Amino acid sequence: MEKILDKKRIDDWIAALNDWEVHAPALEDGIWTYKPVSGAARLDHPNTRQSPKGFTFPQREVYFSFEQIKGEPPKLTQILPKETRHVVFGVRPCDGKGVPRMDKVFTDHVEDTYYTTRRKNVAYVGLACNKPPSATCFCLSVGGSPVSTDGLDVQLTDLGDRYFVKAVTETGKALMKAAGSLLTEPAAADQKQVKQVHTEAVAYPQRKINDPDGAPAKLKVSFNSPLWDEMARACIGCGICTFLCPTCHCFDINDEVHSKAPLQGQRVRTWDNCQFPDFTMHSSGHNPRENTGARLRQRVNHKFQYFHENFGMHQCTGCGRCVSECPVGIDIVAVVNKVTENVG
Amino acid sequence: MINIQDIRDTARDMLAKGEVRTVIGYRRGSRGMPAEPAFITSPEQADELIWDPTCYHNLSLYLVHDQKILAHLRKASGSPIAIVAKGCDARSIVVLLQEHYFKREDVYIIGVSCEGTGVLDERKLASQLNGVQPTLAAFDGDDYVFTTAEGEKRLPAREVMADRCLECRIPFPKEHNVVFGEDKTGRQLAEPFAALTRFEAQGTGERWDIWSHHFDRCMRCFACRSVCPMCYCDECVVDSITFPVTQQTSAAEKADRVRWIERSAMRSENITYLLTRAMHLAGRCTDCGECERACPVNIPIRMLNNKMEREAREKFGYEPGASIGGSSLVASFLDNDPGDFIR
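Residue numbers (this note's numbering), protein chains in the order written: chain A, 21 to 364; chain B, 8 to 350.
Source of the hints: derived by calculation from the structure; they are not laboratory data.
Computed from a prediction, not measured in an experiment: that's the story for all the values here.
We treat Cβ as the ideally placed atom computed from N, Cα and C, and that holds for glycine.
Among these hints, one or two may not hold up.
Below are the SDA-like pairs computed for lysine to any residue, each with C-alpha atoms no more than 25 Å apart in a straight line [to be verified]:
#	chain 1	residue 1	chain 2	residue 2
1	A	151	B	51
2	A	358	B	51
3	A	358	B	50
4	A	358	B	135
Rough simulated footprint, nothing fancy, chain A against chain B, three-plus residues with beta-carbon under 8 Å [what the hints assert, rightly or not]:
#	stretch
5	27 to 40
6	266 to 278
Could you put together the complete structure from these sequences and hints?
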């Protein structure tokens, strides 16, 4: 299904989606953030500071509550996410690519009920990148594209005063049907223009990973390379790179006790982070990823080797957030290039 | 005007003579600007060093890292480390020396004066350049000059300079082994604590609303803590284990550990984290502003530290990092210290 939407009517389309809670990027505190839409939605953002992964994998997820009165058996109550339907507007193709990668992690071997409950209730209306929104974009290097529809339900392409609207999934078709007569048939000129825009989008120069295909094998043989310590020398060990990443999914589980008598609390899952010094700390005090070099290697190898070995694709989608937001200039593109070139 | 060649010559010379084991300075980032920390260990690398308005980082953090690595490896420090330090960075080194984190002879301070300017605030720059992404930045008198795909852009430095530099009282590294650039202490680009004063002009309710909003937004990536040279505690209240675990640590000690702050990023925990950090920096923060620059969600963290800094200054006449011989704020007591806040 392919249609045309007058840009001025996007708010009418959003208003027509009354079964859904609609989110779109908003500029707040100097950064673009997904916010529930109230009033006019603007889709003129470069990319959001945080990826949309929080819609399916929030930073804090409650598993269950627990309660125990002394001398009685403990009482556990599972707390599943609410079945509210969310539609997220303005998702960039790199973040769309993140969706099937997160699906692999949370549904491939074991189905994570919390993830799947959220996942089946969220739809993504993507926005193609007519030109790279950031100087740190590198989607083309990791099997992506500025016009990719992976992970999206609908793809919008900006054609100046209107959007070219393309359904990608059945959910996407339903969202478009809800727009009714707001969406009109594309003329031959529209079809021609969208093709032109997409061709130009792919031709824009981006930063480049030189040998993405060779990376898994080359990283594997570089496990003990002294380059890791050298490249991580400036790393401060914060969580920016992984928290902003659309595909980082490591988590920690803790019991949060709210009352001691009676014993009451919640078991919660929160984002964890391979760059934190206590990430792999063992109970014995031994830490197999004990310095910044080993932790940088963990992050890079997970993206470009381990994930590839498990699922046959790079986990990195080339959004460039970890590059642009690193306070000390650690650059995953430069790191992968340096390690792979060192192997030859 | 600082000639980068002077800094390079100093670094090259010291490394060639074996007087220092490493020179920590700035080099070009992989994308051009911003600069990134450089760890130079051979004389041939000295020409990598640069000095431009994107040399934001307070490199004294890496002196702390070095001490931690040496302690972990149970090694002595040997020859000193040379470090490029701006005024605020040098004051951080002084605080670390006051706290006996390392010895004066362990560090060779290559001071650089910020002269009439300071470092860039990329957020201010972005709003001026309207989507154009610069690849290089350079000092030129009172201006910054940017290289962009659309040619050279020149802006008066004070329009895009970091607030902390505008408000800086001492843009010169008084503690140094060698120093480059003119001492322009006394230049006044903005009132000290100007941003804080503007914020505090609002009512209590408004201020609470603003801070609640920011406390809710914190992701607890700990970039502010991790980038701070003063946040060197081996045991931080926010970590899952707040004491060093060894093979001798019993299971009961680990199980019964005190968890001061839950892992969940939510208002109650975030407040505890951010305010604990602010309190621990009272009289120690030298306003290098790295916490605020590093924050990926633009929380005005510097304001919390500024508040403590102003209290220390107004109540106790205390200036963090003023002199190595001076005692630290919380470890000193004077007969004329005010006591009226104790009720």
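Taking only the CA atoms, is the gap from residue 358 of chain A to residue 135 of chain B under or equal to 25 Å? Cα-Cα ~34 Å, so violated.
Are the Cα positions of residue 358 of chain A and residue 50 of chain B separated by 25 Å at most? Between residue 358 of chain A and residue 50 of chain B the Cα gap is close to 22 Å, so the pair holds against 25 Å.
Count residues of the stretch 266 to 278 of chain B with a Cβ under 8 Å from any Cβ of chain A, then say if the count reaches three. holds (count 5)
Does the stretch 27 to 40 of chain B contain three or more residues whose Cβ lies closer than 8 Å to a Cβ of chain A? Our answer is that it holds, as 3 residues pass the Cβ test (under 8 Å) against chain A, meeting three.
Is the straight-line distance between the alpha-carbon of residue 151 of chain A and that of residue 51 of chain B 25 Å or less? Since the Cα atoms of residue 151 of chain A and residue 51 of chain B sit roughly 40 Å apart, the hinted pair is violated (cutoff 25 Å).
Given the hinted pair residue 358 of chain A and residue 51 of chain B, is their alpha-carbon gap at most 25 Å? holds, 20 Å
The structure shown violates the earlier hints numbered 1, 4.
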